[in-house]
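Chains as they are written, first to last, in our numbering: chain H, 179 to 583; chain F, 179 to 583.
Incorrect hints may appear among the rest.
Identical copies carry no separate label here, and so any pair may be met within one copy or between two of them.
No more than 25 Å apart at the CA atoms, straight line, and that leaves these computed lysine to any residue pairs for SDA-like [unchecked claim]:
id, residue 1, residue 2
1, K212, S540
2, K212, T473
3, K212, D498
4, K212, L289
5, K212, A534
6, K212, R539
7, K212, E537
8, K212, N497
9, K212, A391
10, K212, G536
11, K212, G427
Don't read these hints as lab results, they were simulated from the structure.
Number of protein chains: 2
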Amino acid sequence: MTADPQEITLPVETGAGLAAAAGFEYAGVEAGLKASGGRDVALIHNLGPEFTAAAVFTSNRFAAAPVEWSRQVVSDGRVDAVVLNSGGANACTGPEGFQNAHRTAEEVGELLHAAAGDVLVCSTGLIGVQLPMDRVSAGVREAASSLASGAEADRAAAEAIMTTDTVPKRASVVLETEEGPVAVGGIAKGAGMLAPGLATMLVVLTTDASLPAEDLDAALRTATAYSFDRADSDGCMSTNDTVALLASGASGVTPERGRFEEALRQVCVSLALQLIGDAEGASHDVHVTTVNAATEGQALEVSRAVSRSNLVKTAIFGNDPNWGRILAEVGTTRADYEPERVDVSINGVTICRGGAIGEDRSLVDLAGDRRVEIAIDLRAGAARATVWTNDLTHDYVEENSAYSS
Amino acid sequence: MTADPQEITLPVETGAGLAAAAGFEYAGVEAGLKASGGRDVALIHNLGPEFTAAAVFTSNRFAAAPVEWSRQVVSDGRVDAVVLNSGGANACTGPEGFQNAHRTAEEVGELLHAAAGDVLVCSTGLIGVQLPMDRVSAGVREAASSLASGAEADRAAAEAIMTTDTVPKRASVVLETEEGPVAVGGIAKGAGMLAPGLATMLVVLTTDASLPAEDLDAALRTATAYSFDRADSDGCMSTNDTVALLASGASGVTPERGRFEEALRQVCVSLALQLIGDAEGASHDVHVTTVNAATEGQALEVSRAVSRSNLVKTAIFGNDPNWGRILAEVGTTRADYEPERVDVSINGVTICRGGAIGEDRSLVDLAGDRRVEIAIDLRAGAARATVWTNDLTHDYVEENSAYSS
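So that you can see chain H by itself, here it is in the shape it has in the complex (with noise of 0.2 Å):
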């Protein structure tokens, strides 16, 4: 693991240079689902020669019925694939909802040749409304259809998740071993974390690597907790948040298990990066990042308060550099510091020394960069954590008040 585990340095590739993983197939279309229109049912075919996987899910006690079907899917650690649909989250829809996760599931296996019970379901969308199923078969069959391999059909996938998405996310590494190159890759949308998550986050992860579930299953919970977990855009834990990794092992070769984790955390953190880039009105992506604390869990603490004040959040979007409603959220933790003794830098600048007054306000430039960068020094310690987050901004409020989503 690299000192900062949350940092990129391999060369992860979230463009044109992306290198989809072999053993898999791809497929996005518009099925009628989304009122904006666009694709919006999405399938993930895993070809083999193996079938092993793992999922993590949203903690939320509501959880979608797609996520409750899906748990069992993933619990004997095979799955043959994935289908998505945007435009309905299929969330607090009773009995009714689950019979319609279990059919699309269903229709997926039957079109593919596997069985219902392999075939992972992920919706997003408004919660508490039943999907229009005759759409949704009709995207399926389509979707099955049209079903390649390669960075195309992986794009159109990743387009046909998109909610209030304005650009696809996507990332790859290409990991070089004695044995030949093993590609890992990923889908996602939305802008989310897990335990507790956010804003109906969908992740699919794909691998040719030749991996154990058990394997992918720990290196899954590691590449989350220090990506999506870590990003919070705006607090709230979706009910329908979902990453799952897939692994064909077409590419014949298994991987040190070290360096597999660090290449999965690494495409996870870029799309986690990518997620709070593009997440609902943002006009500022910010890093918090706690250092010198006592425990990691408690630099993780203090730099979720602070990601999750709207007094903070509001005062970065008027591009004010007020430290006091850092440290007012500072100040609710548990965390072991003095307070006399902590620091507070916002873009390098250290507004706030030892709890009070430091460098002066007006040297902070928050204008001119969509990146800002808050630290906070705790002095207790030798660990660190980075949360990423989002200021509240006048096109927040719009996007969720003038819409139900």
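Start from chain H and add chain F according to the hints.
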């Protein structure tokens, strides 16, 4: 205690009919501390014959200098006067800030022939800026020379502690006893909550009852638990929150403890509702009530989680009865309930029944009234709790991004 300890059943006055407690003088003057102009230094003087007092403070670990000072002052149960200023929080100001709070108390003590150690100091405004002490001193002198009894002077004091408040907040109730009447009143500023608390809420409660400091302390803790602790406008805890209760004994009456507690609690509920009704930028007051919870603590946990959701708050601003966002917050709590038995109603319409789709959302009218009632029925017991909050609006973003506060 009434069935719902958050309800007002006594004739609490908030306007012209307000009766100030006997044995107190008030003043509010303009000292040039607030950039916006207007009164900004308030003084409240207890004339006795008794000087008992209690106070509760923010639990923020970056407590402001006046909070640190006032904690010491009230620890012996005697307070002769309270001096308050807007235009600067005197928080995160280091040793110089503490010396300034101390010096202000000394100046008040000299002017009123009281010990500095019996003078509470409260400040509100921007964190991390030193107070202009020459102006504070001049303001204190002017306030001391303009002290007067009665409702008009009480109103001047209430005005002097306003920051982004648009109206002064006052409340009083007169208890009739066999020994004669007892008045309980108070002034407040800011929308706030204690432990955790927010928005630099300052409250001074005055009574002419004759009660020992221990009784005042117990009554104050109960009253704040059912009032200010359940007002949560934006989830941010302040460094300056202070609620003080001073008793002059001027009525000569020692009321029955239960009746005094009830009166004090209802004055505090009235002030808390006034704070929510005037919260920054809000267009709706939202009452989030959880009923049939296993315990009151669980009811409070659920109501508080819902009241802190930016997605719920923006939906209400948009007059959208988006119950899915409410359930998603309930799902983050550890309260006892079965998801498939939870009902949610908005303004009396049960739009979610049994954790799934209930009555049509078009039946809910949110545009007609500033007040919105959200009720969550957990069907897990008999306990209840309400948290009062606001919607999240463009004006909130504007007020908190455009101006340092």
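For this session: Compare the structure with the hints numbered earlier in the document and write down the numbers of the violated ones, lowest to highest.
Result: Those not satisfied are hints 2, 9 and 11.
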